[in-house]
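Chain A is already provided as a structure; the job is to place chain B on it using the hints.
Listed here are the chains, written in short residue letters.
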Amino acid sequence: MTNAVRKEIMPGVFLTSFRTKKFKTGLLSMNLLTPLKAASASKNAMLPSVLRRGTARYPDMEQLSAALDSLYGAQIESVVRKKGEVQCVGFVSSFIDEALTPGQEKLLEPVADLLGELLLSPATRNGRFYTEYVEGEKNNLKDRIRAIVNDKRQYADKRLVELMCREEDYSVDKLGSEEAASAVSGQKLFEQYNRLLASSRLELFYSGSASPERVEGAMLYALESLPRPGATEPVDTAVKKAAPEEPQVVTESMDVTQGKLAIGFRLGGRGAPDYPAQTLFHTAYGGTSTSKLFLNVREKLSLCYFASSALHRSKGILTVSSGIEFKNYEKARDEILAQLKAIQEGKLEDWELEAAKRSVVNAMRSTLDSQTRMEDFYLGQALEELPYGPMEFAAQIEKVTAEEIRRAAEAARLDTIYFLRGPDKGGE
Amino acid sequence: MEKRYSRLGETVERITLGNGLTIYAVPKPEYSKSYALFATHYGGIDMRFRLGDRWMDTPAGVAHFLEHKMFDTKDGNALQELAKGGASPNAFTGSDMTAYYFDSTERFENNLRIMLDFVSVPYFTPESVQKEQGIIGQEIRMIEDDPNWCVYTNLSRALYENHPIRATVAGTVESIAGITAETLYDCHKAFYNPSNMVLCVMGNFEPDNIFRLAEEILPKEGLGEIQRDYGKTESPNAYQERIETRMEVSTPIFLMGYKDSPRPEGKEGLRRTLTARLACDLLFGDSSPLYADLYSKGLINRNFGGDYEAIAGGAFIAVGGESKDPDAVREAILAEARRVGREGLDKERFERTRKASFGNRLRALNSFDGTCVQMAEFHFLKADYFDFPEIFDAITARDAEEYIAETIQPEKTAVSIVKPKESEPQ
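Chains A and B supply the protein sequences, listed in that same order. Under numbering that gives the first Met the number 0, read the first sequence as residues 0 to 427, first letter to last. Under numbering that gives the first Met the number 0, read the second sequence as residues 0 to 425, first letter to last.
If we strip away everything but chain A, and leave its shape as in the complex, we get (with noise of 0.2 Å):
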């Protein structure tokens, strides 16, 4: 049904190519896959940022900036992802296609070989990374994990994982810690970066008009000097902790107008096997505004503005985020709790059931219609080596049953409670 093609065109480097012509541009990733942990989290966040900042042929961001704008504004941008306690660290590129520019210009080579610059030749002196790239983005990685409180909502939910999951890799933050990226020297760096090139797994995707056979050559040439001495570290997320007997319960306090409620729920489960059940029952339970939280919590009760739920499938949890009045956490607090026990019950009706599938096929269906997207499912597909693409998916998920949604809720564990409160110990 789907024409991604994947293949191993080095040893350790995965390229899956997805031939389409119906976008304005091309999208081009590179990422290298490493266990997500405490103590290297933080230098692996900072790496795509340090070797952003210039390469051997173009040293500092204005000349690559120039380079990428003769390119008709080509983007690279740096990206660090989570998934699972596997970190992805890398650029993901994005360049016009070539039928739209006014002489036909050829861009994929062009960026491609950009790409392998930035991965293989960083700009350095006396072999080192420059000092103030190493020291300007410490500060910018700094900046960007303080910057999480800003957003209450995001702050609560990282907030919820790190209790959680406090004796797991999982609750290692994408960007890692504040401490941990004050400790970064350029020398731990260098090495990190030497250590990431010759043995982390590299997945390439590409989507655009492009053929497979184009796009290989295109990175082999753009690879050719990549260092592969032996076998690539293994990855994958670690056992799921079963939930305790009686649920952790965690209230801070933080000078907000809002409340933020999370709660997050072990799933037990097989893994692969049970994505589709648990993906509708997540739906069902509060991913859309027809789920149940919404149209509950929110909508009747008028408990909260906002209340939904996020799948962390690989990890096999389930969180619940929502944002209310300090005054009515209690009240939220059941409401959110009796609405799982309904679905464990099996009080899902027939319309709820449609919406929530039809929610989640939409979602897949129109996967194929967005290259950021796409890039990220094949990404998830490729680290847990599930061969399907976003049609199998949805086609899998057609055939779930009531009853098996609600065998995936009744696995649902309630594990830990978090509150974030206003100052004031009386409330109103």
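Simulated from the structure, these hints should not be mistaken for lab results. Do not rely on the hints blindly, as some may be mistaken.
[What the hints assert, rightly or not] Calculated lysine to aspartate or glutamate pairs in the EDC-like style (CA-CA distance at most 20 Å, straight line):
hint: 1; chain 1: B; residue 1: K323; chain 2: A; residue 2: E134
hint: 2; chain 1: B; residue 1: K418; chain 2: B; residue 2: D145
hint: 3; chain 1: A; residue 1: K21; chain 2: B; residue 2: D368
hint: 4; chain 1: A; residue 1: K20; chain 2: A; residue 2: E104
hint: 5; chain 1: A; residue 1: K21; chain 2: B; residue 2: E29
hint: 6; chain 1: A; residue 1: K240; chain 2: A; residue 2: E84
hint: 7; chain 1: B; residue 1: K83; chain 2: A; residue 2: E348
hint: 8; chain 1: B; residue 1: K83; chain 2: A; residue 2: E353
Here is chain B on its own, set in the frame of chain A:
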């Protein structure tokens, strides 16, 4: 009427119905999804307007309130209807536009029918209005905690003395308390009439079917143009130099505004927009010397950026981000603008930046929602967004230099800063 835009690789079918509604249809048969945006030329700033022979004054936040309430139908809620058809509907209210949109990969025409129907048929009760006051009250509380919202709101208050942009789109808990079902019916009647609206569709469909559907469902007559009042004519200069506030943020967040005259209508308006955006790219875009200098000094990070913003009765350049020293950034921008005015732009850099700007506009066409919003915005301005390649070609370095020299001036500058809270000893 079908028009082919060969430089964009797009075809647009455009029609204006008897009731005054214009429809833009962009067929994209290779996609599985289709997208529809149904927008009214009505937003947060349209608080005073004429309905029949009466001038109406409405509280801040009605357009946004109305957007929330439109999803209610006599039989329940349109969200659920659309969700059954696999559509994920949503809406937004801006300063001068309210838009309803969805995309779906299945049953598109049926979903479109539902959307056109619920947006054109109002159904409000005193109870439902009261309930919504609770929900929107929460939403307002939430955005009041958002430093980016605060920094923007304060900037518009610093730039403008009278313009209704000073009142926020959502209003306040107090202002929305004054909204009744009757207010909503009046505003719906005035602004949700087809001649004040536009329908933009993009995706996998047959345009004729869309036109027929709209003709069948929507009211047969429009009210024509609605007169609005945006207050006294504004001074060309910023009203206040700066507004500062403190919130729980880690680094100071800032937004600088440079007041421009209101945007003209028609092709000239599109030209002004493209010139202003190109000027932004040239002055402080990623590849500008100023950006490189500020970044290397640690005065800005990758969040730094700016754009041209235009609403009826006002326009400005807004540029901002996070910085330890926003005033140093302010001075550097003014100094660079003076230099450009004096020495002119490097010609090679101008051509390169124009190439990149053009590439970025092409890239933006990948996004159906972004493209439909642009089509609607320029439709309300009486221009055709897809004319941009030709207009872009005609912009010279001289045009950009003049724009920068005239707009980026100290007396037109306002600064809005959100600083971290000082830790108080207990």
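**Request:** May I ask which of the numbered hints given earlier this structure violates, with the numbers listed in increasing order?
**Result:** none
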